[in-house]
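Chemist: Listed below, chain by chain, are the residues.
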Amino acid sequence: MGKKRKEKVEKAYKKPVIKRRKPNRSIAGDLTLYIFLVLMAYIMAFPIIFTVSNSLKPLDELFKFPPRIFAMHPTMDNYADLFVNMGKSTVTFSRYLFNTVFITAVGTFGHLIIASMAAFVLAKYEFPGGPTFFKIATTALMFTGYVTQIPNYLILNKLGWIDTYWAIIIPAFASPMGLFLMKQFMEGLPTALIEAAKIDGANEWKVFTGIVMPNVKPAWMTLIIFSVQGLWNNKASTYIYSEEKKTLVYALQQIQAGGIARAGQSAAVMVVVIIVPIAIFVFSESQILETMASSGIKD
Amino acid sequence: MKEFFSKYYTLRKHNLTVAWKKAKRSKMCYLFLLPYAVLFTMFFVFPVVASIYFSFTYYNILESPRFLGVTNYINLILQDDIFLIGLKNTLVIAILTGPLGYILSFLFAWLINELPRWIRSVAVIIFYAPSIAGNCYIIFSIFFRGDAYGHVNAFLMNVGIIDTPILWLINPQYMLPICMIVILWMSLGTGFLSFVAGLQGIDASQYEAGYMDGIKNRWQELWYITLPNMKPMLMFGAVMTITSSFGVCDVTMALCGYPSTDYAARTIVTHLFDYGFSRFEMGYACAIATILFLLMILCNKAIQSLLRRVGT
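Order-wise, the sequence lines are chains A and B. Quick note: the first sequence uses our numbering, first residue 168, plus one each step. Quick note: the second sequence uses our numbering, first residue 461, plus one each step.
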């Protein structure tokens, strides 16, 4: 009996070494999986590839039938048009671009600082009200921003921020997503690190800037990507009325409304709009995934 | 009874003094929390409360709010046909694309989990790109354009399936299905990232233990080892999915127009925009917002209690 069992255990233990493949996996299954994934990847990527190649096509190629995925004579004319043609209008394209860059940069920076400060004490200190506050903040993940849009409008109106950049920037500081992810990630930091710094005589602010923040760099990138994603794509049409303060996405819709004659330009704007979040994601993917590993909601 | 109350109060008082002492000791913590707490209260907590309050009033910004009771809600449900269309559309979209998108997110995350590292990172980028690219879905309005130059029409006419172009985005029959395709295309979002990361974090020794204990195929492995380990991420993904699928409005507004033909693509959020920012009936719009809020919170609670049973 005992001998038999020992044999069995040994066999199971040796299995992966001999076969070099993971157990419980068939070759046919793996092959189907690869084919399926390649197909799905193609479907998912197609609209984006098509947008990019559309922006490189000269006007006569845009309406060729059957449509070609890749441009035969790629040109940068559409991009040049954005600055040249729209340079003559009252609000230039570069102004829209500046508005969006400004809103995104300031909003993201402020969000990173403010949310990290709050996350730091929520994760590493025990104080009355802390857990309750975090629970409320987590609940805020559960409904969309649209629910609060009307009272937000009234509040911003009272503050006199309607039709300024601040109407978009300041509410973005308090985005609950950033707080949640940052807090979850900071909980993984060893408390001993903080204790040691305290014994060495550092105060909370020093601990925060000198020890905690440098150690949670992966979480920075995650906060940045989510904040940029929200702000860069913000149409802002309910809070901002003046043409010269409107954002890139608004310009995109205006150009889109221009119809067929501006199809190339609209593709070019679209590329400008999508390239920034995607580029940030590509460069920081591993850090973002590292942060997301601690994103789970525990009961 | 009296004794019970006096004991209760003494205990409460004691707890409060302890809490107060602790609070005084951790002044620094409150200082750190303050900026975020102020902004969060101002732009998230207070608006929800205000929204519930305004939903019981008639308010048009110019005059001060006039108390109405539940009239707004009664009107919404009994008289506002367009709201019912919006509610129906939102529920249809949420019920179809929500679970499907959620399952797809998990499926893809699970499938790419065993690929070599570099293929996995490329796959994550490709699958996540549509949701991060924000307004890229506008390209679908070119694919589905109503004239013969729209790519889908041109293709179908060339193949010979149809002989007159179909007004994809104007004919109410096709609006919702097209919107749902686009929403599904974008559905591999934050939850997907969380799944990918969570799957990577599962301890390999658990799988080895599973092989020893006689797990036969990848499905058993999924149910008995992977899913229970993934519970917190599944919860997070569910929250993200519910939030986005009930808040649908960008896609329908961009593709089908606002307002859309026969209100066929109206959702709760577009109805809220209509009353809040076109007609300035803030009280009525707040009633819509409150209903949306309750729908989302209830749905979240229901899904969370469901997810607790996974893998058991």
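Mixed in with the good hints, there may be bad ones.
To spell it out: a stretch of chain A is covered by chain B in this simulated footprint if at least three of its residues, at any positions, have a beta carbon under 8 Å from a beta carbon of chain B; those stretches are [stated by the list, open to error]:
{"#": "1", "stretch": "257-271"}
{"#": "2", "stretch": "284-291"}
{"#": "3", "stretch": "354-366"}
{"#": "4", "stretch": "415-424"}
{"#": "5", "stretch": "437-448"}
{"#": "6", "stretch": "455-462"}
Here are the simulated DSSO-like pairs of lysine-lysine, each with C-alpha atoms no more than 30 Å apart in a straight line [as the list claims (entries may be wrong)]:
{"#": "7", "chain 1": "A", "residue 1": "Lys231", "chain 2": "A", "residue 2": "Lys302"}
{"#": "8", "chain 1": "B", "residue 1": "Lys467", "chain 2": "A", "residue 2": "Lys465"}
{"#": "9", "chain 1": "A", "residue 1": "Lys291", "chain 2": "A", "residue 2": "Lys402"}
{"#": "10", "chain 1": "B", "residue 1": "Lys482", "chain 2": "A", "residue 2": "Lys365"}
{"#": "11", "chain 1": "B", "residue 1": "Lys484", "chain 2": "A", "residue 2": "Lys302"}
Rather than coming from a laboratory, the hints here were simulated on the basis of the structure. Everything numeric in this text was worked out from a predicted model, so none of it was measured. Using N, Cα and C, we set each Cβ at its ideal position, and we do this for glycine too.
Chemist: Work down the list of hints and note, for each, if the structure agrees.
Modeler: Taking the hints in turn, this is what the structure says about them:
Requiring three or more residues with a Cβ within less than 8 Å of a Cβ of chain B, the coverage given for the stretch 257-271 of chain A is violated, as only 0 such residues are present. Check result for the stretch 284-291 of chain A against chain B: holds, 5 residues qualifying (beta carbon to beta carbon below 8 Å, three or more required). Counting residues of the stretch 354-366 of chain A whose beta-carbon sits less than 8 Å from any beta-carbon of chain B gives 0, not enough to reach three: the coverage restraint is violated. Counting residues of the stretch 415-424 of chain A whose beta-carbon sits less than 8 Å from any beta-carbon of chain B gives 4, enough to reach three: the coverage restraint holds.
With a threshold of 8 Å between beta carbons, the proposed coverage of the stretch 437-448 of chain A by chain B holds, since 6 of its residues qualify and at least three are required. Proximity of the stretch 455-462 of chain A to chain B, defined as three or more residues with a beta carbon under 8 Å from a beta carbon of that chain, is established by the 7 residues found. Proposed proximity of Lys231 of chain A and Lys302 of chain A is contradicted: the alpha carbons are some 56 Å apart, above 30 Å. Between Lys467 of chain B and Lys465 of chain A the alpha-carbon distance is near 35 Å, which puts this suggested pair outside the 30 Å criterion.
Between the alpha carbons of Lys291 of chain A and Lys402 of chain A the distance comes to roughly 37 Å, so the proposed pair goes past 30 Å and is violated. Restraint check: the Cα-Cα separation between Lys482 of chain B and Lys365 of chain A comes to about 19 Å, which is no more than 30 Å; the hinted pair holds. Pair hint Lys484 of chain B plus Lys302 of chain A holds up; C-alpha atoms about 22 Å apart against a cutoff of 30 Å.
Violated hints, listed in ascending order, are 1, 3, 7, 8 and 9; each of the other numbered hints is respected by the structure.
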